[in-house]
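Here are the chains, one letter per residue:
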Amino acid sequence: MSRYLARYMVSRYFSSASSRPLHVCIVGSGPAGFYTADKVLKAHEGAHVDIIDRLPTPFGLVRSGVAPDHPETKIAINQFSRVAQHERCSFIGNVKLGSDLSLSELRDLYHVVVLAYGAESDKDLGIPGESLSGIYSAREFVWWYNGHPDYSCLKPDLKTSDSAVILGQGNVALDVARILLRPTTELASTDIATHALSALKESSIRKVYLIGRRGPVQAALTAKELREVLGIKNLHIRIKQTDLSVTPADEEEMKTSRARKRIYELLSKAAAAAKTSKADPDQRELHFVFFRQPDQFLESDERKGHVSGVNLQKTILESVGTGKQIAVGTGEFEDLNCSMVLKAIGYKSVPVNGLPFDHKKGVVPNVKGRVVSHTSGDISQTEPGLYVCGWLKRGPVGIIATNLYCAEETVGSISEDIEEGVWKSSKAGSKGLMQLLEKRKVKKVEFSGWEKIDAKEKQMGIERNKPREKLVTWEDLLAAAAN
Amino acid sequence: MYIGIGLDWSDPVRYGCEKFVGTSKNKPEGFRILLVKERKKKSAEILRRRRFCLSSPRTNPKSSFTPFFHLQALLSSNLSKSLKLIPLGGAKIMVFHRLSRLGSRIVKELPRERHLPVFGMRILHRSYGQYLQSSPMLQRQTRSFKEALFSNNHKFCTSFSTTSEKGGKETEKINVIFVDKDGEEIHIKVPIGMNILEAAHENDIELEGACEGSLACSTCHVIVMDTEYYNKLEEPTDEENDMLDLAFGLTATSRLGCQVIAKPELDGVRLAIPSATRNFAVDGFVPKPH
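Order-wise, the sequence lines are chains F and C.
What the first sequence shows, in my numbering, is residues 99 to 581, in sequence order.
What the second sequence shows, in my numbering, is residues 2 to 291, in sequence order.
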C-alpha cells in the first residue's frame with residue numbers, strides 16, 4: 099500500500115514539478131505503442147512523445163490484423179487518434195528502425211525509448227515440405243486480405259481444390275476460416291481489400307479444416323469468435339463426437355477457467371446440431387479436427403513444388419503437472435488433401451541490432467518492461483532508458499486490452515526510473531530525429547499525412563459502399579500522404 | 002480541425018449559414034462554443050454522429066428571443082461542470098463536428114444566463130433541421146437531434162434559472178464510488194439510466210472504453226466490491242460474459258462498466274478499477290472460478 103502511495107505522490111510531484119522536457123520515443127504505433135504514449139503523456143507534464151512506425155499508416159494490427167467483418171473492434175482507433183493529436187505527441191510514419199536509423203542513434207536522441215513493434219514473423223513447424231508453395235502463415239494471409247502493403251501481391255491459390263487446411267485453433271485461425279467461408283456478398287460491404295474480395299469471389303474453397311493437436315478443452319479460440327462462426331448462415335460445422343469426450347484432467351482445466359467451460363459447451367452443442375443437418379453438395383463446411391499434429395506436407399504430383407495435402411499424426415494428451423496437458427504422438431497417421439495450408443500457430447518477434455533478444459521465447463528479456471542486458475544469477479542488469487511493451491515484451495498473446503495493463507506496468511517502471519533521476523542529461527528529442535531523417539532523405543509521414551490517406555480511403559469507400567477502400571501499395575500510400 | 006456552421010439568430014425564421022474550417026487556436030473572434038460530451042451508446046455509428054457541439058448565444062439585442070437547444074447529455078448536472086464557454090458575439094451558433102481532440106475538453110462552468118424559451122427552441126429546430134437536411138454529413142444527426150431535443154425538454158419548459166440542477170423534474174442520481182488504481186476513492190453522482198462507463202468519463206475517471214460500449218473489448222472492466230451489490234445487477238448476457246472471460250484481473254464479481262446501468266438499488270455501490278500494480282500477474286493469470 100505504501101508503495102502505491104509513494105508512486106502516486108511521486109508521479110503527482112513530478113507531473114507538476116517537472117517542466118523539464120522528457121523526450122520519449124515509442125517504436126511501433128499499435129495498441130501497445132498508443133497505450134504507452136497515452137499513459138506517459140498523462141503521467142508527465144513535461145513529456146514529449148514521438149511514435150514512429152515503419153508503415154505510413156498507424157495503429158498496427160488494429161488496422162492490418164483485425165478481420166474486416168469485425169468493425170467494432172476497430173473503434174479503438176478513435177482513442178488512438180486522440181492521443182496522436184495531443185499537442186505533446188507526434189506520429190512519424192515510414193521510418194524503419196534498423197534501416198533508416200539504428201537503435202543506438204535513437205537512444206542518443208531520446209531519454210526514453212520504448213520498443214512496441216510487436217511480432218512481424220511466424221513460428222515454424224520445422225517439418226518436411228514447409229517450403230512448398232501454397233503454404234502460407236496466417237499472418238501473411240491476414241495481411242493480404244487487410245491490404246497490408248507488404249502482402250498485396252501474395253496471390254494465394256484459391257482455385258485448385260475445394261479444401262483448405264488451417265493449422266491451429268486460435269482466433270486468428272477462426273478469422274481466416276471465416277473469411278474463406280463467408281459469402282462474398284457479406285464481405286463486399288466491409289473494408290476488405292479489393293484484390294482479396296475478387297480472389298475470394300472466384301475461390302473454389304468450400305471445406306476448411308481447423309487442425310489442433312489437442313482437444314476441444316484446450317482450444318485457444320475464444321467464445322465470442324466461436325459463437326460468431328457457429329452462427330454463420332449456410333455454414334455447416336463438423337465435429338467428431340468422439341473428440342468431445344473429456345478426461346478428469348480436462349474437467350480440472352474446465353473448473354479453473356470458465357472460458358474453457360463455455361467453449362467446450364458451445365462445441366458440444368455445435369456437434370449435436372451438426373448430426374441432424376443434411377449434407378448438401380454446394381454447402382460450405384468447417385471441420386474442427388482435434389488430436390492431430392502435422393508430420394509433413396505432401397507434394398503434388400501434377401504440380402511440382404506445390405502442396406497437395408498434409409500427413410497428420412494422431413495424438414493423445416499427457417499431463418505434465420500443474421493442470422497442463424501436452425499432445426503426444428501415437429504413431430498412427432492419416433492424410434488430409436488440400437490445395438492450401440495456413441499456419442496459424444503463433445507469431446514471433448524480430449530482433450534489431452543492439453537489442454538483447456531471447457531467441458527461444460521470441461521476446462526481449464525484460465523485468466517489468468525494463469530491457470535486461472544480461473543476467474548473472476539472480477541479478478538482472480537493465481539497459482538504462484530502454485523499455486519494451488506489448489507482444490515484444492510478453493510474447494504474441496492476449497487481446498488489444500491486454501496492452502493496457504502491459505503499458506501501465508512499463509510506464510510505471512519509466513516513472514520509477516525518472517524518480518531516481520536516471521537521466522539528467524538533455525537530449526535532442528524530436529528536433530534531433532527530424533534532422534537525422536532529413537539528412538538521410540527519409541520520406542516521413544506525419545499524422546496529418548495519415549489523415550489524408552484516411553480521407554482518401556473513406557472517399558473511395560463511399561463510392562463502393564464500403565467503410566473504406568484501402569490503399570494497398572507503398573506508392574499509393576505515400577502519394578496520398580504527400581498530397 | 003473542425004468545421005463550424007454558423008446560424009445567424011438575428012432572423013430566427015430564416016437563417017444564414019456560414020461554414021468555416023479552422024483549428025481550435027484560430028477560431029474566429031467572438032464565438033461562443035459550448036462543448037458537450039456526447040452520450041456513449043452501444044453502436045459506434047450513433048456515437049460518431051453525435052460528436053458535435055452546440056453553443057448557447059448570449060441574448061442578441063437584435064432578436065426578440067434567444068433560442069437555444071441542448072443535447073440530451075446536457076441534462077446531467079455532472080456535465081454542466083464540463084462545459085467550456087468562449088464569449089460569443091453577433092449571436093452565432095457554432096456546430097462543431099469532431100471538435101474534441103483529447104476526448105473532451107473539460108473545463109469551466111456554464112454561463113450565468115441561460116434563456117430557455119420553448120417556442121424559440123422549436124423554430125430553431127425547424128430551421129436547424131432544414132440546415133441539417135442540406136448537409137449530408139449531419140443528415141444522420143437530425144433524428145438523434147430531435148430525440149435529444151424533445152425527449153427531456155420538459156426540464157427546460159419551466160426553467161429560466163441558471164443551473165440545470167434547479168428545474169422542473171430533476172433526474173434522480175445515485176452515489177457511486179470508484180476505487181482507482183492507487184486505492185483512491187472518487188465519489189460521483191450518476192443519473193439513473195446512465196451506464197457506468199459514460200459516468201466515469203464524465204467525471205474524468207480513468208476507465209478505458211476502447212470499443213466505446215460495443216461489447217467488443219474488456220477495457221471498461223470494473224470489480225463490484227460488495228457481493229450484495231453484484232447480486233442486484235442484471236445477469237450478464239452471453240456477449241458480456243464472452244468479453245469478461247478475457248478481462249484482465251477477472252474476479253467473481255467483475256462486470257463490464259458499459260453494461261452496468263445506474264438504478265436506485267445501486268446507490269452507494271463501490272467499483273474497483275483493476276490495475277497492473279495490484280499484484281495481478283500481467284500475463285498468464287488464473288481467474289478465480291466462477
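Incorrect hints may appear among the rest.
Beta-carbon label-pair distances, calculated as ranges [what the hints assert, rightly or not]:
hint	chain 1	residue 1	chain 2	residue 2	range
1	F	E326	C	P265	30 to 40 Å
2	F	R304	C	E235	49 to 59 Å
3	C	M226	F	I225	48 to 58 Å
4	F	E326	C	D205	26 to 36 Å
5	F	E432	C	G194	51 to 61 Å
Chain F regions said to be covered by chain C (calculated; three or more residues, Cβ under 8 Å) [to be verified]:
hint	segment
6	151-158
7	316-324
8	343-352
Simulated from the structure, these hints should not be mistaken for lab results.
Note that beta-carbon positions come from the ideal geometry of N, C-alpha and C, so glycine has one too.
Now the hints, each set against the structure:
1. F:E326 - C:P265: 30 to 40 Å: Hint holds: Cβ distance 36 Å, inside 30 to 40 Å.
2. F:R304 - C:E235: 49 to 59 Å: violated (42 Å)
3. C:M226 - F:I225: 48 to 58 Å: Given range 48 to 58 Å: holds, Cβ gap about 51 Å.
4. F:E326 - C:D205: 26 to 36 Å: About 35 Å separates the Cβ atoms of F:E326 and C:D205, which means 26 to 36 Å holds.
5. F:E432 - C:G194: 51 to 61 Å: For C:G194 against F:E432, whose Cβ atoms are near 58 Å apart, the range 51 to 61 Å holds.
6. 151-158: violated (count 0)
7. 316-324: holds (count 3)
8. 343-352: With 0 residues close enough to chain C, the hint is violated.
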